[in-house]
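K.L.:
Starting from the given sequences, assemble the full structure and let the hints guide the process.
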Amino acid sequence: MTDKKAIAEQLGVFATYLRDRGLKMTRQREVVVTAFLKEEGHLSADELFTVVRKVDSKIGLATVFRTLKTLTDCGLAREIDLGDGRARFEHDYKQPHHHHLICEECQTAIEFTSPEFERLQEKIVSQYEFKPTRHKLQIFGLCKRCQEQRRQKPKVYDSDKVFARDALRIAMATEERGINFYSTAAEMVEDKATRGAFLEMLDEEKSHLRDLEREWDKMVGDDKEILQAPVFLHFDYDALDDIFPSRKNAKKALDREMTSEEALKIAMDMELEAHNFFKQYAERFNDTRGRDIFIKFADEEQEHYDIIKKEYDRLREAVS
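Each residue of the sequence shown is one higher than the last, beginning at 2 in this note's numbering.
Derived by calculation from the structure, the hints in this document are not laboratory data. Do not take every clue at face value.
Quick list of simulated restraints, FRET-style, between CB atoms [claimed, not checked]:
(1) Val-221 - Glu-119: 25 to 33 Å
(2) Glu-318 - Asp-224: 51 to 59 Å
(3) Gly-13 - Lys-70: 16 to 24 Å
(4) Lys-156 - Asn-250: 39 to 47 Å
Distance condition first, Cα-Cα at most 25 Å in a straight line; then the derived SDA-like pairs of lysine to any residue [said to hold, decoys possible]:
(5) Lys-311 - Leu-228
(6) Lys-95 - Lys-193
(7) Lys-6 - Lys-95
(8) Lys-253 - Ile-296
(9) Lys-253 - Glu-263
(10) Lys-162 - His-276
(11) Lys-249 - Leu-228
(12) Lys-193 - Glu-263
(13) Lys-297 - Lys-137
(14) Lys-145 - Phe-236
(15) Lys-137 - Asp-159
(16) Lys-193 - Lys-207
(17) Lys-225 - Arg-211
(18) Lys-280 - Val-32
(19) Lys-59 - Thr-73
(20) Lys-95 - Lys-249
(21) Lys-311 - Asp-288
(22) Lys-207 - Glu-263
(23) Lys-207 - Thr-73
Bear in mind that the values here come from a model prediction, so they are computed numbers and not experimental data. All C-beta atoms, glycine included, are put in the ideal place defined by N, C-alpha and C.
P.N.:
In structure tokens, the structure reads:
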């Protein structure tokens, strides 16, 4: 359910949209908009009408439908078709762009997003020199529950919370790889100052991982069922191998005969690649909690790069 602060913010957006067009925020409109924002999932006008009638029985279906249309026009709602002939609406304000898996039997809509899929679309669009204005992907079939002959409708989850959950998982996996790398690097280099720089990075990675784990514990503590939600952010974890190698591969990359300068250069390249990777990842999403996690993570990787570069520059100056 959308919290009071978010509802107030979106009501302000809606009021500004109306005012700019010479319209007023009537009490009926406010009731409809508030009811919509408090509900999760994909609502039809009829379903929202049922909710609204419990607040004000004088509000008609036509008012609900017109208000939903205005919500869509101003960017607070998005209309989707689940293939059952009924227009449905979902929250769209500060929500990451996503697609749907739609069960044709129970009309459950499972939301998902994937930057890899978006990149593929961009590649195809570029290949044909096509200028897209909008796009959506809806895959129709049978959900797992209906395949198992179970008719109970699955719980609807807050996509922003599930997105943040998946972003935290990715960030923690990356920190664990960073810990493995810097632990290995500190064991292998000869120069005392360089080893100290790697140990400092090791402590940084461990501290960041503890912060992420505390955030994870709080999220799960607030809503244990969030762990049962389907994956929203599909991520290729193999991509992390191209940034932070596993402990085994780190030993191969950091040959014991390698100079401290060469080892630091490898670490610099990794941190810069991690910064660019997560910064570009974050830019693919709207203003959401998951996006904030990636931006914070990218900033931390930039700080790591600066620490290592300082030691790298010191070594180069000492040699020259």
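K.L.:
The structure should be examined with respect to each hint, and the outcome stated for every one.
P.N.:
Against the structure, the hints:
For Val-221 and Glu-119, the Cβ-Cβ distance of about 29 Å falls inside the hinted range of 25 to 33 Å, so the restraint holds. Separation of Glu-318 from Asp-224 is about 52 Å and conforms to the stated range, judged on CB atoms against 51 to 59 Å. Restraint check, Gly-13 to Lys-70: a C-beta distance of roughly 20 Å satisfies the suggested window 16 to 24 Å. Against the hinted window of 39 to 47 Å, the Cβ-Cβ separation of Lys-156 and Asn-250 comes to about 40 Å, which satisfies the hint.
Between Lys-311 and Leu-228 the CA atoms are separated by roughly 41 Å; this puts the pair beyond 25 Å, and the hint is violated. Our distance criterion of 25 Å between C-alpha atoms is broken by Lys-95 and Lys-193, whose separation comes to about 48 Å. Distance check on the hinted pair: Lys-6 and Lys-95 sit about 14 Å apart at the alpha-carbon level, within 25 Å; holds. At roughly 31 Å between alpha-carbon atoms, Lys-253 and Ile-296 are farther apart than 25 Å, so this suggested pair is violated.
With a C-alpha separation of about 13 Å, the suggested pair Lys-253 and Glu-263 falls inside the 25 Å cut-off, and the hint holds. Under the criterion of a C-alpha separation no larger than 25 Å, the hint pairing Lys-162 with His-276 is consistent with the structure, at around 24 Å. For the proposed pair Lys-249 and Leu-228, the alpha carbon gap of about 31 Å is over 25 Å, so the pair is violated. Using a Cα cut-off of 25 Å, the hinted pair Lys-193 and Glu-263 holds, with the two alpha carbons roughly 15 Å apart.
Proposed proximity of Lys-297 and Lys-137 is contradicted: the alpha carbons are some 29 Å apart, above 25 Å. Straight-line distance between C-alpha atoms of Lys-145 and Phe-236 comes to about 21 Å, which keeps the hinted pair within the 25 Å bound. About 20 Å separates the Cα atoms of Lys-137 and Asp-159, which keeps this hinted pair within 25 Å; it holds. With a C-alpha separation of about 21 Å, the suggested pair Lys-193 and Lys-207 falls inside the 25 Å cut-off, and the hint holds.
The hinted pair formed by Lys-225 and Arg-211 meets the criterion: a straight-line CA distance of about 20 Å does not exceed 25 Å. Only pairs whose Cα atoms come within 25 Å are accepted, and Lys-280 paired with Val-32 is rejected, the gap being roughly 39 Å. Between the alpha carbons of Lys-59 and Thr-73 the distance comes to roughly 23 Å, so the proposed pair stays at or under 25 Å and holds. A C-alpha spacing of about 41 Å is found between Lys-95 and Lys-249, which places the hinted pair above 25 Å, so the restraint is violated.
Distance hint between Lys-311 and Asp-288 is unfulfilled; the C-alpha atoms sit about 33 Å from each other, more than 25 Å. Restraint check: the Cα-Cα separation between Lys-207 and Glu-263 comes to about 24 Å, which is no more than 25 Å; the hinted pair holds. With a C-alpha separation of about 45 Å, the suggested pair Lys-207 and Thr-73 falls outside the 25 Å cut-off, and the hint is violated.
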